[in-house]
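Spelled out from the first residue to the last, the chains are:
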Amino acid sequence: MKTDISKLLQKNHKQILEDWMTNQLADASLREDLMSNEELGEQSQELLSALLKSINDKNLNDVQSEEFENVYEILSGISMSRARQGYTPRETGMFVLSLKQAIIGTLTKMLKNDPQALVDASFKMNNLLDSLSIMTFETFIKSREEVILRQTDEISEISTPVIRVWDGIVALPIIGTLDSSRTQVVMEALLQEIVESGSTIAILDISGVPAVDSLVAQHLIKTVAATRLMGAECIISGIRPEIAQTVVHLGIDLSNIVTKASLASALRHAFGILQLEVQKKQKDKTVR
Amino acid sequence: MKLVLNKDKMQIIREQDVVPFRNRVKEYATKIGMGIVNQTKLITAASELVRNMLKYGGGGEALIEVISQGRDNGIRLTFTDKGPGITDIPLAMKDGYTTGKSLGVGLPGARRLVNEFDIKSTPGSGTTVCIIKWKNG
Numbered sequence: 001m002k003t004d005i006s007k008l009l010q011k012n013h014k015q016i017l018e019d020w021m022t023n024q025l026a027d028a029s030l031r032e033d034l035m036s037n038e039e040l041g042e043q044s045q046e047l048l049s050a051l052l053k054s055i056n057d058k059n060l061n062d063v064q065s066e067e068f069e070n071v072y073e074i075l076s077g078i079s080m081s082r083a084r085q086g087y088t089p090r091e092t093g094m095f096v097l098s099l100k101q102a103i104i105g106t107l108t109k110m111l112k113n114d115p116q117a118l119v120d121a122s123f124k125m126n127n128l129l130d131s132l133s134i135m136t137f138e139t140f141i142k143s144r145e146e147v148i149l150r151q152t153d154e155i156s157e158i159s160t161p162v163i164r165v166w167d168g169i170v171a172l173p174i175i176g177t178l179d180s181s182r183t184q185v186v187m188e189a190l191l192q193e194i195v196e197s198g199s200t201i202a203i204l205d206i207s208g209v210p211a212v213d214s215l216v217a218q219h220l221i222k223t224v225a226a227t228r229l230m231g232a233e234c235i236i237s238g239i240r241p242e243i244a245q246t247v248v249h250l251g252i253d254l255s256n257i258v259t260k261a262s263l264a265s266a267l268r269h270a271f272g273i274l275q276l277e278v279q280k281k282q283k284d285k286t287v288r
Numbered sequence: 001m002k003l004v005l006n007k008d009k010m011q012i013i014r015e016q017d018v019v020p021f022r023n024r025v026k027e028y029a030t031k032i033g034m035g036i037v038n039q040t041k042l043i044t045a046a047s048e049l050v051r052n053m054l055k056y057g058g059g060g061e062a063l064i065e066v067i068s069q070g071r072d073n074g075i076r077l078t079f080t081d082k083g084p085g086i087t088d089i090p091l092a093m094k095d096g097y098t099t100g101k102s103l104g105v106g107l108p109g110a111r112r113l114v115n116e117f118d119i120k121s122t123p124g125s126g127t128t129v130c131i132i133k134w135k136n137g
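One line per chain: the protein sequences are D and Y, in this order. At position 191 of the first sequence (counting the first as 1) the number is 191 in my numbering, and the numbers step up by one without a gap. At position 65 of the second sequence (counting the first as 1) the number is 65 in my numbering, and the numbers step up by one without a gap.
Treat each hint with caution, since some may be false.
[As the list claims (entries may be wrong)] Straight-line Cα separation of at most 25 Å, BS3-like style, residue types lysine-lysine; simulated pairs: (1) Y:55 / Y:94; (2) Y:120 / Y:7; (3) Y:55 / Y:120; (4) Y:9 / Y:31; (5) D:222 / Y:31; (6) D:222 / Y:94; (7) Y:135 / Y:26; (8) D:14 / D:53; (9) Y:135 / D:222.
If you're looking for bench data, these hints aren't it; they were derived computationally from the structure. As the structure is a prediction and not an experimental result, all values here were calculated from the model.
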């Protein structure tokens, strides 16, 4: 007699859920700090019901079957939320893999007297649950990657602050490597600030750039050229001794750009252009 | 006689691989006690060559080796790509020559920054560039 695995599983719905919860709660890596046991129980209940509902005798062999779409959806929702909450891949994987243990365990009990059917059923359930766990990992990693991408965007945004150091003088400290996309952000922020503040002098500080190769130099030259088109003078500051030597050996010509070793000397140069003077306050002679 | 003390291989496929590679080179250079000026020169040369490999060779492999010759230690970097190759190497090594829209100082600049520079290319099958920077070179 051929046993209908799906019916068998549906009949034992409650038992499977209980076993599954026991497995999950027994696992040492359970994160009670991230999710309460009730919430975990709800998630498990939801997934198991969806799985058992969509399972039937025909689609057991076909993990790509459309009837599993609902299950995939619930599962990817769970693994996505777990990735955001900071679960490790292991903890997320255990969620599905412990369901496998519970299901196989139930099958073993039910089909004790029919070894052939048991092998057959466990093989099919194995396949199905493996593909579910692969799916879990895929979604998990995808959501993690989204987090990383968002952070990359945030970093490139917060790393380009344009500072108004004086009336008519803006400064932009560049930290990290200047690649094409970074240059775009830097240039946009700088040109925008020049317009808004009506500045005539822009200081680009490259103290935080680890190495200046020809690509970085080219991007700097372009930024300077664009600043000049806007009618502002551009000073590059923060050139360290080793960078100076490297640029010379590399054969990059920066001679028609005003460059200074430190931000302070760039500021002094800017004051000179604006004909400003900073002086030490003189004490009143009559007091003495 | 050059002895290889340490070997490390890295795949360079995307632009994002450039910075980790540079950091790795810096790590090795710091480990053998290379000064900051020579370190910067080596890293800049490596950066030029690795960007060339990405832009013209479609990515490839970079080998970092710590080598020793007599009492001198140094870093040898080998860049291998399977790109279209360079037909006229003397022309490519000329200052200001570029087929892209860059400054044209990458290859000749890199040669000036290191102690030994060797380039081999077979049109159609790829390019290999090997550079050595001695600790006190």
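Violated hints - listed by number, lowest first: As far as the earlier hints go, 5 and 9 are violated by this structure, in ascending order.
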